[in-house]
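Trainee: One letter stands for each residue in the lines below.
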Amino acid sequence: MTEPLVVLKDVNKHFGDLHVLQDINLQIGKGEVVVVIGPSGSGKSTLCRTINRLETFESGTITIDGKPLPEEGKELAQLRADVGMVFQSFNLFAHKTILDNVTLGPVKVRGQGKKDAEKRAMELLERVGVAQQAQKYPAQLSGGQQQRVAIARSLAMDPKVMLFDEPTSALDPEMINEVLDVMVGLAKEGMTMVVVTHEMGFARKAANRVVFMADGQIVEEAQPETFFTAPRSDRAKDFLGKILTH
Amino acid sequence: MGDILSTYGPDILRAFWWTIKLSFFGGLGALVLGTIAAVMRVSPVAVMRFIGTSYVNIFRNTPLTLLMVMSVLGITYILGVSLSQDITQNAIRWAIVVIAVYHGAFVCEAIRSGVNTVPAGQAEAARSVGLTFGQTMREVILPQAFRGSIAPLGSVLIALIKNTTVAAVIVSAEAASLMQKIIENEGGSFAIFAIFALGFVILTLPLGVGFTSLSRRLAVKR
Ligand SMILES: Nc1ncnc2c1ncn2[C@@H]1O[C@H](COP(=O)(O)OP(=O)(O)O)[C@@H](O)[C@H]1O
Ligand SMILES: [Mg+2]
Numbered sequence: 001m002t003e004p005l006v007v008l009k010d011v012n013k014h015f016g017d018l019h020v021l022q023d024i025n026l027q028i029g030k031g032e033v034v035v036v037i038g039p040s041g042s043g044k045s046t047l048c049r050t051i052n053r054l055e056t057f058e059s060g061t062i063t064i065d066g067k068p069l070p071e072e073g074k075e076l077a078q079l080r081a082d083v084g085m086v087f088q089s090f091n092l093f094a095h096k097t098i099l100d101n102v103t104l105g106p107v108k109v110r111g112q113g114k115k116d117a118e119k120r121a122m123e124l125l126e127r128v129g130v131a132q133q134a135q136k137y138p139a140q141l142s143g144g145q146q147q148r149v150a151i152a153r154s155l156a157m158d159p160k161v162m163l164f165d166e167p168t169s170a171l172d173p174e175m176i177n178e179v180l181d182v183m184v185g186l187a188k189e190g191m192t193m194v195v196v197t198h199e200m201g202f203a204r205k206a207a208n209r210v211v212f213m214a215d216g217q218i219v220e221e222a223q224p225e226t227f228f229t230a231p232r233s234d235r236a237k238d239f240l241g242k243i244l245t246h
Numbered sequence: 001m002g003d004i005l006s007t008y009g010p011d012i013l014r015a016f017w018w019t020i021k022l023s024f025f026g027g028l029g030a031l032v033l034g035t036i037a038a039v040m041r042v043s044p045v046a047v048m049r050f051i052g053t054s055y056v057n058i059f060r061n062t063p064l065t066l067l068m069v070m071s072v073l074g075i076t077y078i079l080g081v082s083l084s085q086d087i088t089q090n091a092i093r094w095a096i097v098v099i100a101v102y103h104g105a106f107v108c109e110a111i112r113s114g115v116n117t118v119p120a121g122q123a124e125a126a127r128s129v130g131l132t133f134g135q136t137m138r139e140v141i142l143p144q145a146f147r148g149s150i151a152p153l154g155s156v157l158i159a160l161i162k163n164t165t166v167a168a169v170i171v172s173a174e175a176a177s178l179m180q181k182i183i184e185n186e187g188g189s190f191a192i193f194a195i196f197a198l199g200f201v202i203l204t205l206p207l208g209v210g211f212t213s214l215s216r217r218l219a220v221k222r
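Line by line, the protein sequences are chains A and B.
Read in order, the letters of the first sequence are residues 1 to 246 in the numbering used here.
Read in order, the letters of the second sequence are residues 1 to 222 in the numbering used here.
No lab work stands behind these hints: they were computed from the structure.
Mixed in with the good hints there might be a few duds.
The list that follows gives simulated cross-link-like pairs (lysine to any residue, SDA-like), each with its CA atoms no further than 20 angstroms apart [claimed, not checked]: (1) A:Lys96 <-> B:Met40; (2) A:Lys136 <-> B:Arg217; (3) A:Lys74 <-> B:Gly134; (4) A:Lys96 <-> B:Pro119; (5) A:Lys115 <-> A:Gln88; (6) A:Lys74 <-> B:Arg217; (7) A:Lys74 <-> B:Pro119.
Values in this document were obtained by computation on a predicted structure and should not be read as measured data.
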């Protein structure tokens, strides 16, 4: 494996009585694409959210590029800027145009000039195929277009790593591929990615590794082909059986 | 009604002009205080939340008349703190301060209800882009919260305009005090009440209509 960029060590988190992350150990190398898969409620979203500290955790350490996660405040904001996040529900800023959605971070967090930020934003929107919509508002776009804008918004920050939490789960089937194509492109260009998804096509095409989670634990890690054709654990076999039959 | 209007017409206009001034400056102050308090109430810092909540609870639950009297009687006469050397000016400034502080508590709650209309994902996206708490508030939450709270803010503003009459206990320039004077001079009549009631309706009705259409026009589409 390449030099680790994200390292989780013995991470534990509870929601009240629920032990939602149990002794999580995970390393993600520079340029590596890791797909996280597992039953609903197994803690995949929580794992993503903990990595950029949208959620706190009780014990263990998480480092990004060698730096531990700061507690709160400005330092944490700076770190979050280096970690892109793409949500299942897109979460574009509803009162801002598509262009302003993409330039907000670069201008306010990176201190870029408005002109430069807009030029870069247009390049990114071009790249994800929604440059035509730059002056529209999020509600005027389809789900697939919104999600591609969300990806462009993350990319505008030049993140070291990008987290995707079920980026295609809220999309109509015909829009899934337009988003996955963008993600495959990113993976090919060497972006470090953690992707929660059940899209096996994407995992096969783009992932270096599949991490299988169940009940707050990492049960199994393997190369995509190995995992899908010959899972070792019973939990994984059972889970794959369920998602393959429909 | 004609008699009263011809005798007191200019006085009535002047008195309502004072009502407008009290409303304008009081409203501006209430908006600023209420926004600050609302931000405090949703802040991640416990002390801030406590201060914001205490402010709302204290002023929302104290009668406005009591605050008015307390300002001039209590703070100026007993504690000796004046906002102006001139007695009239002092009273007017206190009236504005009291109106602002009192209604700020209601503005805070209106904005907070607006904040609740903003989905949690908006703040999470803002934070994950690297915005600080302050930036997240300014750039993402408050602009949407204001649009979501225009209707309740309109109600607060209308209440505020009508509540300026309470300032009559310390200020003798605005509409309600003039009405008392006219009644003392002319004897009470339905006409007098009607004129002043109409004056307030003229001030508040367009606001109500305006805020309703504004709230529809500026609603954030999701
Ligand atoms: N904010 C929260 N408060 C309490 N429980 C939560 C919260 N978020 C998630 N959970 C619970 O934690 C478990 C894991 O959730 P999640 O990480 O969203 O799972 P997944 O993304 O794998 O479906 C679930 O049982 C869920 O109900
Ligand atoms: Mg999830």
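Trainee: Do the alpha carbons of Lys115 (chain A) and Gln88 (chain A) lie within 20 angstroms of each other, as the hint requires?
Mentor: This hinted pair is violated, its Cα atoms lying about 30 angstroms apart.
Trainee: For Lys74 (chain A) and Pro119 (chain B), compute the direct alpha-carbon distance and say whether it is at most 20 angstroms.
Mentor: violated (23 angstroms)
Trainee: For the pair we were handed, Lys96 (chain A) and Pro119 (chain B), check the Cα-Cα distance against 20 angstroms.
Mentor: holds (15 angstroms)
Trainee: Is it true that the CA of Lys74 (chain A) sits at most 20 angstroms from the CA of Arg217 (chain B)?
Mentor: Cα-Cα ~36 angstroms, so violated.
Trainee: Starting from Lys136 (chain A), check that the Cα of Arg217 (chain B) is at most 20 angstroms away, please.
Mentor: holds (17 angstroms)
Trainee: Is Lys74 (chain A) within 20 angstroms of Gly134 (chain B), Cα to Cα?
Mentor: OK: Lys74 (chain A) and Gly134 (chain B) at ~10 angstroms, within 20 angstroms.
Trainee: Would the hint linking Lys96 (chain A) and Met40 (chain B) be met if the CA-CA limit is 20 angstroms?
Mentor: violated (24 angstroms)
Hints 1, 5, 6, 7 from the list above are not met by this structure, while the remaining hints are.
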